[in-house]
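Please construct the entire structure, taking both the sequences and the accompanying hints into account.
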Amino acid sequence: MQPSAKYLYYPGCSLKGTGIAYEESLLTTLRLLEVAVTELPDWNCCGATSYMSVSETSAALLATRNLALAQQAGMKDVLAPCNACYLTLRKSQELVAHYPEMAQEVERFLEQAGLPQLDSVRVRHPLEMLYTDIGVQRLRELTVRRLQGVRMASYYGCQAVRPYSEVDDPHEPTRMDEILRAVGVEPIDYTLKTKCCGGSLTGTIHEVGVRLNYILLKEALRKGAQAIVTICPLCQFNLDAYQAEIRKQTGEPIDMPVLYLTQVVGWALGGGFRELGLHRAISGKKLIEQWFTVKKEAETYV
Amino acid sequence: MERQIRYQREADLEWARQFTKHPGSERLLSCIQCGTCSGTCPLSIYMDLTPRQVIALVREGFREDALRSKTIWLCASCYSCSVECPQKIGITDIMYRLKREAIRSNLYPKRFPIPVLAREFCEMVRRHGRNSEFWVVFRMALRSNPFALFSMARTGWHLWRTGRLSLRKERIRRINELQVIPTVSKEVD
Ligand code: SF4
Ligand code: SF4
Numbered sequence: 235m236q237p238s239a240k241y242l243y244y245p246g247c248s249l250k251g252t253g254i255a256y257e258e259s260l261l262t263t264l265r266l267l268e269v270a271v272t273e274l275p276d277w278n279c280c281g282a283t284s285y286m287s288v289s290e291t292s293a294a295l296l297a298t299r300n301l302a303l304a305q306q307a308g309m310k311d312v313l314a315p316c317n318a319c320y321l322t323l324r325k326s327q328e329l330v331a332h333y334p335e336m337a338q339e340v341e342r343f344l345e346q347a348g349l350p351q352l353d354s355v356r357v358r359h360p361l362e363m364l365y366t367d368i369g370v371q372r373l374r375e376l377t378v379r380r381l382q383g384v385r386m387a388s389y390y391g392c393q394a395v396r397p398y399s400e401v402d403d404p405h406e407p408t409r410m411d412e413i414l415r416a417v418g419v420e421p422i423d424y425t426l427k428t429k430c431c432g433g434s435l436t437g438t439i440h441e442v443g444v445r446l447n448y449i450l451l452k453e454a455l456r457k458g459a460q461a462i463v464t465i466c467p468l469c470q471f472n473l474d475a476y477q478a479e480i481r482k483q484t485g486e487p488i489d490m491p492v493l494y495l496t497q498v499v500g501w502a503l504g505g506g507f508r509e510l511g512l513h514r515a516i517s518g519k520k521l522i523e524q525w526f527t528v529k530k531e532a533e534t535y536v
Numbered sequence: 080m081e082r083q084i085r086y087q088r089e090a091d092l093e094w095a096r097q098f099t100k101h102p103g104s105e106r107l108l109s110c111i112q113c114g115t116c117s118g119t120c121p122l123s124i125y126m127d128l129t130p131r132q133v134i135a136l137v138r139e140g141f142r143e144d145a146l147r148s149k150t151i152w153l154c155a156s157c158y159s160c161s162v163e164c165p166q167k168i169g170i171t172d173i174m175y176r177l178k179r180e181a182i183r184s185n186l187y188p189k190r191f192p193i194p195v196l197a198r199e200f201c202e203m204v205r206r207h208g209r210n211s212e213f214w215v216v217f218r219m220a221l222r223s224n225p226f227a228l229f230s231m232a233r234t235g236w237h238l239w240r241t242g243r244l245s246l247r248k249e250r251i252r253r254i255n256e257l258q259v260i261p262t263v264s265k266e267v268d
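Protein chains in written order, with my numbering: chain A, 235 to 536; chain W, 80 to 268.
Read the hints as simulated data drawn from the structure, not as lab findings. A virtual CB, placed ideally from N, CA and C, is assigned to each residue, including glycine. Check before you lean on any hint, since a few could be wrong.
[Said to hold, decoys possible] The calculated DSBU-like cross-link candidates involving lysine-lysine, where the alpha carbons are at most 35 Å apart (straight line), are:
id, chain 1, residue 1, chain 2, residue 2
1, A, K310, W, K167
2, A, K240, W, K248
3, W, K100, A, K482
4, A, K457, A, K519
5, A, K429, A, K482
6, A, K429, W, K248
7, W, K189, A, K250
8, W, K100, A, K310
[As the list claims (entries may be wrong)] Covered stretches of chain W, as calculated for chain A (at least 3 residues, CB under 8 Å):
id, stretch
9, 118-130
10, 154-165
11, 201-215
12, 231-242
What follows is the structure in structure tokens.
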């Protein structure tokens, strides 16, 4: 472990699987920002929404182990890029803070598992970290190329801003728009930015999940967006993976790139196509190639 | 036949009162039935009961009606209702509590994929410490609707092609630390 690392990165299961482009672009962006980060050693699954549906205490303990590992590593800030992971880790902290019985169980668990008691570990989301630790001004200064004239819809999904509001305002979030503007992208007025994508419903009650995603895509199109920018691997997956099916069902020509905020920022900071995982998109491939692999002479350096 | 009338004698107000003792459900009895939760819920039009109706049933002690509802499973835990409720009722947490009680009392819809997914997911995490997306979805489909695997194949292919599908079974090294959980947790899983 690098002693100089400022953040402990908690990938959660999806940033190692379907959301691997998020991991690639996040780590690239942090490298370009010269922010030291290490992966939380031997992290376990956060429990997502499923574990809470089976057992509350176990879900809280499961999430807690990750925080204890961070404590063990002597670090304060755990960076959780997946909205579900972010929420689950935060929620375990809230349960401990508000319910003495839960606090006792956590204490007993940590003791029996031989893990250190929690002191002051903080759970952070990359959006919040980019906004408050790095700052919009600095991102603007470090921008070396701009997607001039490209209009994007910033899409938060649900669990990053609800029910806790450290990442952004739950009703009128604006930080993502500010960051996009700073790196030269034009955000559109997207009123569905915190509407739920259905989460795992696309895998269970498929028609319902796909319908929710259709509404999100359609509204982005209607407002003139050329792409959607997300901060959650499940949102990205849902919006990206079913567009062919939606085209077939509705006859509408939707083929829209669904990018991670860290891909857009990382590119603006000078990151490369593959190291930002841009080759992993399923929808909107043509536009992605057009925007992010401009020939040298046409590239708009600023 | 679908039930039309609920009889007061079937209500269990004591259960409702106990319910409010749990984390997140404290303010349940203060519901004013305004319907904001149903209005804001992105899933409500697909549910058999709206979130407002579920809250009403729980508050009045109609335990089984609430537990058997598919609504609790369609809830995607998006917390819209919770942040909009004028009475600050933790509706999402109430949905979670109902899911857990439905599983424990064996009242969940049997081949309905959502509770199956929840159980498969937990089983995998309990054993390995991590969830392997592909295997969880695969096992869920096998146990709920094997035919769904055909329609999933296309998505799988897209993911495979873009290097986003991993067949590896993830596991953590210190699984023993997680094995302590059942002995510490009072709640039966
Ligand atoms: S929003 Fe709150 S007060 Fe209104 S019906 Fe729903 S639970 Fe009751
Ligand atoms: S948390 Fe559940 S019930 Fe509440 S709005 Fe979201 S999906 Fe609907």
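Right, here's what the structure says about each hint:
1. With a C-alpha separation of about 31 Å, the suggested pairing of K310 (chain A) with K167 (chain W) holds against the 35 Å cut-off.
2. For the hint linking K240 (chain A) to K248 (chain W), the alpha-carbon distance of about 30 Å falls within 35 Å, and the restraint holds.
3. A distance of roughly 49 Å separates the Cα atoms of K100 (chain W) and K482 (chain A); the hinted pair therefore is violated under the 35 Å criterion.
4. Restraint check for K457 (chain A) and K519 (chain A): the C-alpha separation of about 21 Å stays at or below 35 Å, so the hint holds.
5. Between the alpha carbons of K429 (chain A) and K482 (chain A) the distance comes to roughly 24 Å, so the proposed pair stays at or under 35 Å and holds.
6. Simply put, K429 (chain A) and K248 (chain W) have alpha-carbon atoms about 32 Å apart, close enough for the 35 Å limit, and the pair holds.
7. Of the supplied pair hints, the one linking K189 (chain W) and K250 (chain A) holds, its CA atoms being roughly 31 Å apart against a limit of 35 Å.
8. A C-alpha spacing of about 33 Å is found between K100 (chain W) and K310 (chain A), which places the hinted pair at or below 35 Å, so the restraint holds.
9. Coverage of the stretch 118-130 of chain W by chain A holds. Counting CB-CB distances below 8 Å, 3 residues qualify, and the rule asks for three or more.
10. Interface restraint, the stretch 154-165 of chain W with chain A: holds (7 residues with C-beta to C-beta distance below 8 Å; minimum three).
11. Check on the stretch 201-215 of chain W: 8 of its residues sit with their Cβ under 8 Å from a Cβ of chain A, so the three-residue criterion for coverage holds.
12. Here's how the stretch 231-242 of chain W fares: 7 of its residues keep a CB closer than 8 Å to some CB of chain A, so the rule of at least three is met and the hint holds.
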